Amino acid sequence: MSSCCAPRCSRLAPEEDAPVKHFTDLAQFSREQVLELLALAQRLQEHPEPQALAGKILGLVFMNPSLRTLASFQAGMARLGGSSFVITPGQGTWQLETRDGVIMDGAAAEHVKEGIPVLASYCDALGIRMFADGKDLAADIADGRFAQMAALAGKPVINLESAVNHPCQALADWKTLEDLKVPRRARFVLSWAQHPRALPLAVPAATAHMAALRGMELTILRPEEFALPAPIMARVHAAAELSGGSVRESTDRAEALEGAQVLYAKEWGCTQPYGDATADAAARHRYPDWCVRPDWFARAAPECHLMHCLPVRRNVAISDAVLDGAHSVVLRQAHNRLSAQMAVLYSLLKG
Amino acid sequence: MSSCCAPRCSRLAPEEDAPVKHFTDLAQFSREQVLELLALAQRLQEHPEPQALAGKILGLVFMNPSLRTLASFQAGMARLGGSSFVITPGQGTWQLETRDGVIMDGAAAEHVKEGIPVLASYCDALGIRMFADGKDLAADIADGRFAQMAALAGKPVINLESAVNHPCQALADWKTLEDLKVPRRARFVLSWAQHPRALPLAVPAATAHMAALRGMELTILRPEEFALPAPIMARVHAAAELSGGSVRESTDRAEALEGAQVLYAKEWGCTQPYGDATADAAARHRYPDWCVRPDWFARAAPECHLMHCLPVRRNVAISDAVLDGAHSVVLRQAHNRLSAQMAVLYSLLKG
Amino acid sequence: MSSCCAPRCSRLAPEEDAPVKHFTDLAQFSREQVLELLALAQRLQEHPEPQALAGKILGLVFMNPSLRTLASFQAGMARLGGSSFVITPGQGTWQLETRDGVIMDGAAAEHVKEGIPVLASYCDALGIRMFADGKDLAADIADGRFAQMAALAGKPVINLESAVNHPCQALADWKTLEDLKVPRRARFVLSWAQHPRALPLAVPAATAHMAALRGMELTILRPEEFALPAPIMARVHAAAELSGGSVRESTDRAEALEGAQVLYAKEWGCTQPYGDATADAAARHRYPDWCVRPDWFARAAPECHLMHCLPVRRNVAISDAVLDGAHSVVLRQAHNRLSAQMAVLYSLLKG
Numbered sequence: 001m002s003s004c005c006a007p008r009c010s011r012l013a014p015e016e017d018a019p020v021k022h023f024t025d026l027a028q029f030s031r032e033q034v035l036e037l038l039a040l041a042q043r044l045q046e047h048p049e050p051q052a053l054a055g056k057i058l059g060l061v062f063m064n065p066s067l068r069t070l071a072s073f074q075a076g077m078a079r080l081g082g083s084s085f086v087i088t089p090g091q092g093t094w095q096l097e098t099r100d101g102v103i104m105d106g107a108a109a110e111h112v113k114e115g116i117p118v119l120a121s122y123c124d125a126l127g128i129r130m131f132a133d134g135k136d137l138a139a140d141i142a143d144g145r146f147a148q149m150a151a152l153a154g155k156p157v158i159n160l161e162s163a164v165n166h167p168c169q170a171l172a173d174w175k176t177l178e179d180l181k182v183p184r185r186a187r188f189v190l191s192w193a194q195h196p197r198a199l200p201l202a203v204p205a206a207t208a209h210m211a212a213l214r215g216m217e218l219t220i221l222r223p224e225e226f227a228l229p230a231p232i233m234a235r236v237h238a239a240a241e242l243s244g245g246s247v248r249e250s251t252d253r254a255e256a257l258e259g260a261q262v263l264y265a266k267e268w269g270c271t272q273p274y275g276d277a278t279a280d281a282a283a284r285h286r287y288p289d290w291c292v293r294p295d296w297f298a299r300a301a302p303e304c305h306l307m308h309c310l311p312v313r314r315n316v317a318i319s320d321a322v323l324d325g326a327h328s329v330v331l332r333q334a335h336n337r338l339s340a341q342m343a344v345l346y347s348l349l350k351g
Numbered sequence: 001m002s003s004c005c006a007p008r009c010s011r012l013a014p015e016e017d018a019p020v021k022h023f024t025d026l027a028q029f030s031r032e033q034v035l036e037l038l039a040l041a042q043r044l045q046e047h048p049e050p051q052a053l054a055g056k057i058l059g060l061v062f063m064n065p066s067l068r069t070l071a072s073f074q075a076g077m078a079r080l081g082g083s084s085f086v087i088t089p090g091q092g093t094w095q096l097e098t099r100d101g102v103i104m105d106g107a108a109a110e111h112v113k114e115g116i117p118v119l120a121s122y123c124d125a126l127g128i129r130m131f132a133d134g135k136d137l138a139a140d141i142a143d144g145r146f147a148q149m150a151a152l153a154g155k156p157v158i159n160l161e162s163a164v165n166h167p168c169q170a171l172a173d174w175k176t177l178e179d180l181k182v183p184r185r186a187r188f189v190l191s192w193a194q195h196p197r198a199l200p201l202a203v204p205a206a207t208a209h210m211a212a213l214r215g216m217e218l219t220i221l222r223p224e225e226f227a228l229p230a231p232i233m234a235r236v237h238a239a240a241e242l243s244g245g246s247v248r249e250s251t252d253r254a255e256a257l258e259g260a261q262v263l264y265a266k267e268w269g270c271t272q273p274y275g276d277a278t279a280d281a282a283a284r285h286r287y288p289d290w291c292v293r294p295d296w297f298a299r300a301a302p303e304c305h306l307m308h309c310l311p312v313r314r315n316v317a318i319s320d321a322v323l324d325g326a327h328s329v330v331l332r333q334a335h336n337r338l339s340a341q342m343a344v345l346y347s348l349l350k351g
Numbered sequence: 001m002s003s004c005c006a007p008r009c010s011r012l013a014p015e016e017d018a019p020v021k022h023f024t025d026l027a028q029f030s031r032e033q034v035l036e037l038l039a040l041a042q043r044l045q046e047h048p049e050p051q052a053l054a055g056k057i058l059g060l061v062f063m064n065p066s067l068r069t070l071a072s073f074q075a076g077m078a079r080l081g082g083s084s085f086v087i088t089p090g091q092g093t094w095q096l097e098t099r100d101g102v103i104m105d106g107a108a109a110e111h112v113k114e115g116i117p118v119l120a121s122y123c124d125a126l127g128i129r130m131f132a133d134g135k136d137l138a139a140d141i142a143d144g145r146f147a148q149m150a151a152l153a154g155k156p157v158i159n160l161e162s163a164v165n166h167p168c169q170a171l172a173d174w175k176t177l178e179d180l181k182v183p184r185r186a187r188f189v190l191s192w193a194q195h196p197r198a199l200p201l202a203v204p205a206a207t208a209h210m211a212a213l214r215g216m217e218l219t220i221l222r223p224e225e226f227a228l229p230a231p232i233m234a235r236v237h238a239a240a241e242l243s244g245g246s247v248r249e250s251t252d253r254a255e256a257l258e259g260a261q262v263l264y265a266k267e268w269g270c271t272q273p274y275g276d277a278t279a280d281a282a283a284r285h286r287y288p289d290w291c292v293r294p295d296w297f298a299r300a301a302p303e304c305h306l307m308h309c310l311p312v313r314r315n316v317a318i319s320d321a322v323l324d325g326a327h328s329v330v331l332r333q334a335h336n337r338l339s340a341q342m343a344v345l346y347s348l349l350k351g
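Protein chains in written order, with the working numbering: chain A, 1 to 351; chain B, 1 to 351; chain C, 1 to 351.
In case anyone wonders, no lab produced these hints; they're calculated from the structure. Among the clues, some could well be false.
One copy or any two copies: either way a pair holds, since identical chains are not told apart in the list.
Said to hold, decoys possible - Below, computed lysine to any residue pairings styled on SDA-like, alpha-carbon distance capped at 25 Å:
hint, residue 1, residue 2
1, Lys155, Asp100
2, Lys155, Pro50
3, Lys350, Gly134
4, Lys21, Pro183
Just so we're clear, the structure is a prediction, and the values are computed from it rather than from any experiment.
Just chain A, with the same shape it has in the complex:
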C-alpha cells in the first residue's frame, strides 16, 4: 500500500525546507506530525486566512461518486482564497482507461497516461478518487491504479479515497477524537456493520491504521468472514508499535464493546473469499443483527462516541435511534473534513 506514496519522506510542517509532495497516506506521518497538522487545522478554523492560497488551483478527479469530499474540497479551497475544478469521467467527460498496454477499442476514449498529466498541468495540486475494483484482493491491496495515477501527475496529489486508503477521512476522524478529548489510550472499537452489498476496504483500513497510529487500544470487531486481510492488519500493527497502541480482533460483540469509548461502525465486503458476490451475500445474510442499535452501548463507557464516515444507510448499518441519539458524532466528523483538508491544502500549496 505504501506504493501509493512515492516520496514517503515528506514532512508537512510548513516551516520545513522540503515541501510536501503528496498527501496520499497517513502512514507518511508520525503521530507527532499528524498532531502538528491538526494544530494547523485548528488554527485555520479559528483564524481564517482567506488569501493564503490566492491564485492556486486544485483539480479534482472523481472516478467514483462523492458528496462530502467534493463539497468540502471545493469549499476548503474557496475559504483559503483559491479555486478548483471538477472532472467526473463518465459524467460529461469520457471514461478513462487505467490498464497498461491495452488496445483501446472499448468504452474508454482516453488513457490516464494522458488524462492525468494533462489535468495536473492545469492546476497546482490534483485530488484523485479511485475506488477498489473489488475482485482481486492482491491487486486492490497494492492500490496500483491510484499509485499509477499519482505517479503520472508530476504535481502534489491528494488521495480522495483509493482502493485501500482514505487519509482525508482518517485525518478528520483523528481531529474529531481530539475535539472530543478522547484519551490517547482509550478503547476504540471498529465494528463491521451491515450493508446490502460488499463495500471497499478503504475506510476500515484507514480507520484502523489511524486509531493505531494515535496510540489507542484498538479492537476490530467483525464476523470471521469479514476479517481484514493480513497486509492491512500488518500495517495496523506497525502503526500501533510506532505509537505504543494495541490491536486485537474479535467476533464477540459484548466483550469487544466492554468499556469502549469509541464505536466506529463501518460496512465492508466479505474477505474470505474476497470478490465473490454470492459468497458475500451468503456471509452477510448470516449476520442480520449487525445494525448498530442502542443496546450495543449497554456495556460501553457512558460517554462512548458513535462514529461513521458517511454515507450511512439508516436502519441497515445504524438505527435511527443511534444516529439521532446522544452517542453520534457523525456530523462533527463530516464537518471536520473541511478544516482537516484545509490544513492539507495549506501544507501542500502555501508558498
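With chain A's structure known, arrange chains B and C on it following the hints.
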C-alpha cells in the same frame, strides 16, 4: 406551505437588527419589503459591489435539473465576490433518501438527515431544489420534503424551487413588472398552457401569489380540470387582501384576456384528479388550442407582456411567433433572476 | 464555415480600439495577428496577471463531453482572477433543442433560442461546444447549429469545438510549434489514423488550416475514402496562399513522411460517402495498419514531432511506443491549451 419557512418573522432590509434566516417563500415578506428587496437588486445592478460577499460560500443542492437557477446563482455569488459549489444527487453523487424511518436497502445511499447538515456545514448558505412528487396532493401542498431539508440545514436556506413554491422566480418576475412599469392595479392573467405531460404547481402557485401580493387584478385562466387546489388559492386570496388586489378564476379565454396587461403562460398538471397520469393525459387532450398564439392578444391591452418562467416548449405551450414577437419579455425575466438573487444573497450573507 | 464568426473584422491586439467580439475561427486572424496572440499567451505564462479578469465570468456550455477544454478554461479564468460556470445539457440540465420551427413535444425541454441568450446574460463571455451531427455533410460544413447559438448570445463567444472547427486547439498547437522552434517552412504531415468509428472533421479541418496559415509545407495523408471535403480544402488552400505555404494530399505514407518535421495524427470519419456508418466501417476495415508506430518515423526528419489533440486511443490510433517515446509532444500541446486560451480570454474580456 408556510411550513417551509421556519422563521417567518424575518426581515430583509440589510440595516435591520434581525438578519434574514431563510429565503424560502415570498410570503415571508410584505409588499413593501419585497419592494425594498427589489430596490437592493436594482442598486446592485447599477452599482456593483464585487467584494461584498468575499470569502462567503453558497452550497447548491439540485435534486432536480436546472439551467437558469444553477448558472444565475453561481454567477451571482461570483459577481459579489463569493463562490459556490454544486451537488447533484444521482449525477456524480449518490441519491438521497428523504423518507423518515425507512430501512435504507434501496437505491439511496445517504439520508438527507446526514447529507443536508453536512453540506450546510461547509458553506454560509444552502440552496435546495426539490420538486413535487406529483402523486399525493396533500403531501405536495405541505411541501414537507423541502421543509424537512431546510430545517436540517442550520444555515440560511434558499428555496431553488420546491413542490409548490419558487420564490426566486417570483421575485425576478416582480422585478420584471417594475422594470416595465406595469401599474400595480393592472390586469394580470395567469394562463394554463399545454405540455406533453403534467408539470408541478410550484410556478403557478408562486406566480399567482406574487401577482396578488403586488396588488394586481389577477385572473387565473385554466380549464376546470386544471384549477389550482384550494390551499393554494387560499394563500393567493390572503395575499390579495393584504395588498388590496383582486383574484378571480375563469375558463373563458376571451373574457379573461380582455384588457390584460400581462399574460403569464405556464404549464401544470391536472388537479382533478391529481397525480393520475391517465386522467391527466385525457384532460390535456381536450384542450389542443391552449398554445399561446398571436390571436390570444386580440382583446388584450396593446402593450400586453407575455411572461413565462422558462424552460418553454416552443409551439406546444407558446408559438414561435409569440416568443419571437414584441409581446415577449421572457428573456428579461430570466435575466432578472441574476439581480434578484444577488439581492437575496446580499441580504442573507452580508455582514 | 465563416458563418460561425459574425464579426470577421475583429482584431485581438489588446491595445486596439475595436474589441474582439468572438473567438470562433482562426480564420478571423492573419498570420501576424496569431503571432501577436501567441506572444500574449507567452507573456501571461511568464508574467502572471492574477487580477486581470477580476469580477469577470465565463459561461461554458457543453453539448458534448470534455476533459481538457472544461478544465483548462476553468483554470484559465481562475489564473486571471475571474470565475466560470458550467452547463452540460443532458447532465443535470435538460436537453436543448436547436432546430427551427419544431413542435417541441420530444426530449428537449428548452430551445437554444431561450437557453443561450439567458446563459449569456449571466456572464461576460460564453464558450459553446457543439459537435457535428455526422449525417449531412453540407449541414456540418455550414456549422449552422454553432453559428446559430453564437449569434444568439449577444456576448463574446468562444468556440469550444464546433462541427468543423476547433480554434482553441489550433491556437495551442501553433504555440507548440513556436515553443519547439519548428521552422515556418517545415514539412507538416496531417495523417488520418484508426478509430473504432467515425469521428468529426473539426480537428483535421482546424489543424490543416492552422498549418497552412502558419505558412508550412502541409501534406494531408489519408486513404482516398477519407479525403477532406472540398469546402474544407478550399479554406486550407486560401490560408496557404495568404501565408505563402503549400498544400498537397497523398495516400502514400512513405512519400508523405519523407523529411517530415511534424506528424500530426488524427482520426476522422469516412467522407466518401459521408455519414454512412456501414460504409465507414467497411472503409476503415481496409486500413488496419494506420496506427502510428515507430517505423512511421523511418524517413522523417530525426527531430520529427508527433502531435495529437487528445483524447487518443492507445494502440488503435497511436501505439504505446510512440506516445511514450521521444517524438511525442502531445502533453505539451494539451498544456498549451491553458496559456493559449488565457490569451483569448484576456483579449476578449480585459478592459
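Going down the list of hints, with the structure as the test:
1. For a Cα distance limit of 25 Å, the shortest separation of lysine 155 from aspartate 100 inside one copy, 21 Å, qualifies, whereas the shortest one across copies, 45 Å, does not.
2. Both within a single protomer and between protomers do lysine 155 and proline 50 lie at most 25 Å apart by alpha-carbon distance, with minima of 23 Å and 21 Å respectively.
3. For the identical chains of this complex, lysine 350 and glycine 134 are neighbours neither inside a copy (37 Å) nor across copies (48 Å), given an alpha-carbon limit of 25 Å.
4. Proximity of lysine 21 and proline 183 under a CA criterion of 25 Å is satisfied in neither setting, with 31 Å inside one chain copy and 38 Å between copies.
This entry does not satisfy hints 3 and 4, going by the numbered hints stated previously.
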